[in-house]
Amino acid sequence: MCLGVPGRVILVSGSVATVDFWGVRKEVMLDIVDEPVVPGDYVLNHVGYAIRKIPAAEVEATLALYEELLREVEREDLMAADVRGEIAAGDRKKNG
Amino acid sequence: MDDARMNGRALEFRDPQRGRELTALLGRLCASIGRAPISVMHVCGSHEQAIARFGLRASLPRALDVIMGPGCPVCVTDQPEVDEAVALALAGARIATYGDMLRVPGSAKSLADARADGARVDVVYSVSQAVELARHIDEELVFFASGFETTAVATAAALLAGTPSNFSVLSAHKYIPPVMEIVAEMPATRVEGFLAAGHAAAITGWGVFERFVEHHQIPVVVAGFEPLDILAGLARLLELIRDRRAAVVNAYPRCVTREGNRKAQEALWRVFRSIGGRWRGIAHVPNGNLRLRDEWAHVDTRRRFKIDLAGLWSYAPPRFAAQCICGDIMAGIATPSACPLFGTECLPDHPVGACMVSSEGTCRIWLEYGGRPDLGS
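Note that the protein sequences, when read in sequence, are chains A and R. Just so it is clear: in the first sequence, position 6 is 6 by this note's numbering, and no numbers are missing. Just so it is clear: in the second sequence, position 355 is 355 by this note's numbering, and no numbers are missing.
Quick caveat, the hints were computed from the structure, so don't treat them as lab data. Incorrect hints may have been included.
A short, non-exhaustive set of chain A residues, derived as facing chain R with CB atoms under 10 angstroms [to be verified]: (1) Asp-34; (2) Val-37; (3) Leu-44.
Every residue, glycine too, gets a C-beta built ideally from N, C-alpha and C.
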């Protein structure tokens, strides 16, 4: 249950929610969740308690983080290309 | 967001192509740091499970050593704490606890042993289940509560919501930030950065690590539990190490904020206070144990009952216990393969050390999934 994969809230009754985790339904307590929860929301669950409501936009934020890291790879490549270019230019100068 | 899209999103956190690219990035970062090994530590059993289950260790650069620290709450539950639960069980109290706690060896017996001797021990998935059980029985129910702050919050919430008069809590809850200080100061561990557990940070907020980073000048990255979460977290950590920047970076923004879950923190500290105590195999950890505050004495098992441990002294200590190196494993000094008992005398069915008991324990995970594959040079 430590995976940050969210469960989807199906029903809220007082401080108990019925939450669907990819087909498995479980009752989850809402006592300590940080924001009000309604059916359709996604929550992070730990030992039967919702500990965070996960805004859909922040799922996007994590994916954007991967993209940013990978763009840095490309940037590093570009820098490497610059360095390669300079070395090649230097060589040409030396030889020329 | 509809189910199909959300499901698709979840799978994106396991996308193999992105995984390969991130692994390649890790290789470049290690090369740019230019020395080996670069040791980083995570402090969460769920991280180790994901690393082992998805075979990440085999794809990591050889220069990068990812060590599991004291991140299994069951593993660091000390023998005397288990002894208290066993003594109560043998004295006739009914015990409810998380499944992982059943086989943890005390100084003489585990709760599973006590159950074999006729004691009543119930396994629950949640503290709320234990409270429900208490409502339906007349005798005393002791909830033997283990887990880090994330789990302690649930215990706190259950007490705040009100419990029947026959319910009490035997707290073995632990608090992670102080033990990071201990590990950072151990001379034998050359940890250059920490990967912090996303779930604990969902409660405490990543701000809790700022003081630590400043004091120890070691970078901390908060990471989630999907394979890409871990790879991305490691990449961020290596960047910080390369740039010699001691900072906290949140690589799990979908679940963690700087402040964390205020409501949960309030519940936690209304019910618990932190005191010093021994963590099995590690050390005495100042402020590492969570105990019930005085206002909650009426539900505190330790104050409600006189726990007589003398009855356990007649039992011989478990065989091989002296050879167990769980402590060194949790401190990141040794790996399970260095233990003479690993996979021979110490197995999940009859564990010698606590690291073999829990599904979050390093030895159990290494036995189940294989540890560090030897791929040759």
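Tested hints:
no. : hint   : verdict
1   : Asp-34 : holds (4 angstroms)
2   : Val-37 : violated (12 angstroms)
3   : Leu-44 : holds (6 angstroms)
Hint violations for this structure: number 2 only, all remaining hints satisfied.
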